[in-house]
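2 protein chains.
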Amino acid sequence: MSAKRITIDGNQAAATIAHLCNEVIAIYPITPASPMGELADAWSAVGRKNLWGDTPEVIEMQSEGGAAGAIHGALQGGALSTTFTASQGLLLMLPNMYKIAGELSPTVFHVAARSLAAQALSIFCDHADVMATRGTGFGLIASASVQEAMDLALIAQAATLEGRVPMLHFFDGFRTSHEVSKIEAVDEATVRAMINDEWVDAHHRRALNPEHPLLRGSSQNPDVYFQARETVNPYYSAMPAIVQGAMDRFAALTGRQYQLFDYRGHPEAERIMVVMGSAAQTTEETVEALAAAGEKVGLVIARLYRPLDSSALLAALPATTRALAVLDRTKEPGAGGEPLYKDVLSAVAQGLADGQAAFETMPRVIGGRYGLSSKEFTPGMCKAVFDELAQERPKNDFTIGIHDDISNTSLAWDASYRNPSAGVTGALFYGLGSDGTVSANKNSIKIIGEKTELHAQGYFVYDSKKSGAVTVSHLRFGPEPIRSSYLLDEGDAQFVACHQERLLQRYDMLAKAAPGAVFLLNSSAPPEQVWTSLPRPVQQHIIDKKLSFYTIDAYRIADEVGMGKRINTIMQTCFFSICELLPSSEAIDAIKQAIEKSYGGRGADIIKRNFSAVDAAIDGLHRIAVPEQVDSSIELAPAVAEGAPEFVREVTAEIIAGRGDALPVSCLPVDGSFPTATAAWEKRNLAQEIPVWDEALCIQCGKCPFVCPHAAIRSKLFDPAELQGTPASFKHVAARGKEFPEGWHISYQVAPEDCTGCGLCVDICPAKDKKEPGRRALNMAPQPPLLEQERENWDYFLALPDYDRTTLALSKMK
Amino acid sequence: MSAKRITIDGNQAAATIAHLCNEVIAIYPITPASPMGELADAWSAVGRKNLWGDTPEVIEMQSEGGAAGAIHGALQGGALSTTFTASQGLLLMLPNMYKIAGELSPTVFHVAARSLAAQALSIFCDHADVMATRGTGFGLIASASVQEAMDLALIAQAATLEGRVPMLHFFDGFRTSHEVSKIEAVDEATVRAMINDEWVDAHHRRALNPEHPLLRGSSQNPDVYFQARETVNPYYSAMPAIVQGAMDRFAALTGRQYQLFDYRGHPEAERIMVVMGSAAQTTEETVEALAAAGEKVGLVIARLYRPLDSSALLAALPATTRALAVLDRTKEPGAGGEPLYKDVLSAVAQGLADGQAAFETMPRVIGGRYGLSSKEFTPGMCKAVFDELAQERPKNDFTIGIHDDISNTSLAWDASYRNPSAGVTGALFYGLGSDGTVSANKNSIKIIGEKTELHAQGYFVYDSKKSGAVTVSHLRFGPEPIRSSYLLDEGDAQFVACHQERLLQRYDMLAKAAPGAVFLLNSSAPPEQVWTSLPRPVQQHIIDKKLSFYTIDAYRIADEVGMGKRINTIMQTCFFSICELLPSSEAIDAIKQAIEKSYGGRGADIIKRNFSAVDAAIDGLHRIAVPEQVDSSIELAPAVAEGAPEFVREVTAEIIAGRGDALPVSCLPVDGSFPTATAAWEKRNLAQEIPVWDEALCIQCGKCPFVCPHAAIRSKLFDPAELQGTPASFKHVAARGKEFPEGWHISYQVAPEDCTGCGLCVDICPAKDKKEPGRRALNMAPQPPLLEQERENWDYFLALPDYDRTTLALSKMK
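Chains as they are written, first to last, in our numbering: chain X, 1 to 814; chain S, 1001 to 1814.
If you're looking for bench data, these hints aren't it; they were derived computationally from the structure.
Only a predicted model underlies this, so the values are computations on that prediction, with no experimental measurement involved.
Non-contacting residues of chain S with respect to chain X, defined by C-beta distances greater than 10 Å in every case (computed):
1) Thr1425
2) Ser1598
3) Tyr1599
4) Pro1638
5) Pro1705
6) Gln1724
7) Arg1736
8) Asp1763
If you want a taste of the chain S side facing chain X, the calculated C-beta under 7 Å gives, among others:
9) Leu1104
10) Ala1120
11) Gln1220
12) Asn1221
13) Ile1402
Distance windows between CB atoms, simulated:
14) His1212/S <-> Glu792/X: 28 to 34 Å
15) Glu788/X <-> His1212/S: 34 to 40 Å
16) Arg1256/S <-> Ser416/X: 58 to 64 Å
Even glycine gets a Cβ: it sits at the ideal position worked out from N, Cα and C.
All chains should be modelled from the sequences, with the hints used to inform the complete structure.
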């Protein structure tokens, strides 16, 4: 059993199995499940075959309702069929899911679990969508990691074909769907061995077929519907054993053994947590640490949530169980407890009454919510739950991971608690969306995964502002499989790279550096000036934590070797060069191989330039001697401009600064209502170049304020008599147009810190200079020399009185 | 407090409140909620006003998804808004419901609960649809009767406006939505007193408005979504007390007091049932009877299901509670217990752990399913559950109301058990869909409700075959409010009327007659011949039960007074004349008033004819002296024709005969797959007239077989050499058309027992007789003289070989 190791994300893991085991795949991609549909589509487009040598037909419908209907039809037509979805998409599938289950049609839906839109939309993970399906009659099986997303996808597929109960296979959106991890591949031979073609033939034979017609989809009346609904009981009763059977066969083939409810921890545990999804990984890691320290704690990992096998759940609980905490990654307002909690409590109470439980007195059972919308669930939070279970009257209906100062549901936790993580290296990379940092890191993980014995994990945090906003890559490497399904936090990173100098002032990124860690900065400052260019808190961290400090001017090197602004290869080379996860020469070879693989199709020149970048990177990397004293007076930039209103200062600014996690419940509106015009206070200062107005050329058409997506360029009309204390560089010119009062002026002004430098206003400007081709009434110019001047002009412009057309017309009549 | 009494159904009760309390009503009608939308639409169309003097805007959308979206928008726009729906319609509203609740928008959705389509569709009642919404954050409140549908609609409306948690108000589809009942009207003054305009103003002020803009419907990230989701907790915690407050205010206004969980039964009850919906009425009636007989039994009626107030639930349970049976009107395959059961079990277990319960040891808690798709729930079934609770090890996860010979979930029950029902008269009416029986009965209930002190209830059972199929009206009258939310069963009817002679042979309707009851038959036989025209089992019932037997030839009378085939007024007059619920003259006056009200707009002549029908009915009614001996040899007709296959004989035939309720689980297919072509075995024999083929006129266009909706007219081509033993009246003629073999003949033949007599084939027949206008190649002729002959011809026709065009073409080539 020496399986091939591959480094992929959860979506790819599940989609690989799904594509191999189906004939019709109906999709309507939705975040975070989209890559499953996209991959399946791409694979079928290049003719990739399923287990039976056919290329699955991938159909994109016009909504998830359509996708579910198409699958329902395909299943009735005898095809093996699947889909991938999440969140509201899954809700739209519900009507068909009741039908598919009612007709005992085997299928596996793969779901990257995602929050439902309530007070606000969220693309991140919780189990609200999955829980909304629990009445449908689908089986529900949860994967807790990328490895499991592949393994349980296959186990679910085998079980549904054998047992006819359709399955919903889910894993945590983003945390698992987008986590890149080194796993053991499930090869086609294993899939072949798991799927018995007799089941497939039986499904084909059940198809609606004019040659041997059947009536389905009929209507039933009060006389027989109830009886018909109860006919399926034997199928549901059999299903848990069928799933366990598939798990056992899978174990024989791969060595990875799963149970419907897997127990971990102290054999005589008194305090037990029950968890489903990726949090099981974190809890497992924490339970091992606590149990090793002698604490009698344990964990039950819920894998097969439906059909619920209460006996299996009870059997997983040790006889010593005294208190149980059941964690739900969902909230059902008004339910008085979330689904998994109620299911476990019911099973335990009923099992005790039936004499099925190993213990004799009813354990204390509490339920809590965690991780809504991908809120972090850390070892410290996990330990807090175990600590709560040790209380005489532990809190029920609690929350963990937030500070609830309104309903006091939240448990306090020790944010500094860490599980031992021998040999694990954490690395953090701060880049900008679209600067290549994330792709380079995915490449690095693959290199480490494939070229070393190390296990690797990558998780990528994006700002919702997308292009031009920060991305933070969280990487871990270590000798054992990595189960830390949470971000690197304060002091966790042995390596911190800042790929964008300007982010240094916005994020306190070195707070996450471990003592003695490495800090790599892409800086345009010459090595001898880098230190003094740092903000004061950055210098302080470097000195206090005794960081090794490296710099490189990656943009200069990229420019010199003809790579434009593509710095990813350069920064990647520096990472490998400093970290020595591989011998330096091997690492460089691996990077160059990756370059050949990625850019082979684009010609020898591109490859050559990248190779040059690698070589130049090693030469351009400088270690900076760290002074003993902080000497900078540069402070971190405030998240919002001065004078912002209270809500913006206290809430919006914290969110912008990346400290939203710390906001207590009381800071958030109860019904999703936020004040408007708050974006004005966030000075993103993204533009490298800003448009400059040429008042002589301008024909005053008004198109530039009209098209600006950020309202960063505006015009104003005014009586020049009102101009007082006008900045020297403030431009204005007589207004054209009979509708304006005579003698009035007009000004077009750019907000230099709001402008993103997209150049749209310049592109559409129709006022061209006849003498100088290419010159218009708006032209891009470098921001740095202009910034202070234009900021002053903008403030002056904003303060000028604002006339609407009615006012103007009235003033004209006077 | 002398409220006006009205006789209406549950849909009208709820819709009345909804129309009075809303500004925008977005609908997409679905059975059994359609009448709510239709009434609201009709009321707004005639300008009926809401509480604030405005006519609500009723908008029909293109699906329930659209209706929910429209309401979401209307609520955000500040309008009071509602909808009415059920089943899959409710599922399509789920995405918007999560949003509406997340944004704390007050609204009440009124739902006539209906099964979800699984192995088959059903338009009848269970709570699967409602339970699918329990994660949305909507409050859920259940009405158990028509009275409650009006009362709790208002209580829900007041509570949502005060507490901002949106409410789903539901009642049992058909059983409550379509039950006609005499109730105390909730008048506008009560509605006015319940709704505080400050709450309405607050809702209006929360509207999105460009004059004071707000941002809603945004996206939230992992940093703050969880906190924002927890902000609503205080609203959900407050809601139960707000609902109870509304219930208390309502009690002060009307005298009708509700509790979140209402207790009924023995004050020291040991065995308790927890029930929600109309079954609570039946259970209440049964608990009173059992408790009066000294049995320590009780009932908790769940009204406010969400937000679940566990304390209120616990407070409703007596300290003597030893065993609880929680009944769910839904099935969640694989859940190991249905929702209400798990909620009650969790609340009890948690309450005991928290020291909140009045009892000290954990009661035994079992859960069961009942009433799926309007399956009957009777006092006998109710008693069976209490009997089960008395067992040492009562069965959990049971079913009641069916015989489950597959999984053995079902409890046995005593079908003969009856609650005392002092003074209640049960009356049964067998009619045909569209013959006016149901409308007449609705009128009769109104007359009794309005003209007497009696309480009245009407429930109408339709065959899904609609027009031409049987309708059975179940009426009850009595001095106390009627809580029997189940059908009249064997021996329950003091009055049985058969409005259609031919039904006598198809249904054993007198099995339901009580000893000494009245049997009224509409018969074309003269009084002296009626007895001998009866089937043998009918005579037997009349003699054994000493029934009073009346007949009338209603079709003859209707014809004579110029009413065509409208017999409803005549039969209604006979009912009042025999039953003497009112003094005869008063009853006749009331019927005539109802006629004037119904037909006033159609002219004096129509009214005069109806009046004549009333008078003639009294004259035409004959009491038949009952002989002492059965002398008929006519047997009940078999439900299906001879030679039917096993499934048709054992399953289809039982369903057709009205005995489907007795079919055990093993008779039904597991996945909704039925054999096809079973309808051929059901000889409905509906047609009074059938089409007769004129082979001389026929142009052989083939349109008649093409348009026949029942495939009851067909054509066949054959070589006349194949004709052997041909019936004398069998018609055939040389086939026209070059594509047919030379010398072949064609025949068009009608299946006289399958034909419904709709006349469509005649209407489209293009072959007209030039000499005799109106005569075509197909003409309707009375069935009775033709039946035997055409049956023989049809059998002969069917047995002739069937050639398809390929065979014909081949034979021609030879």
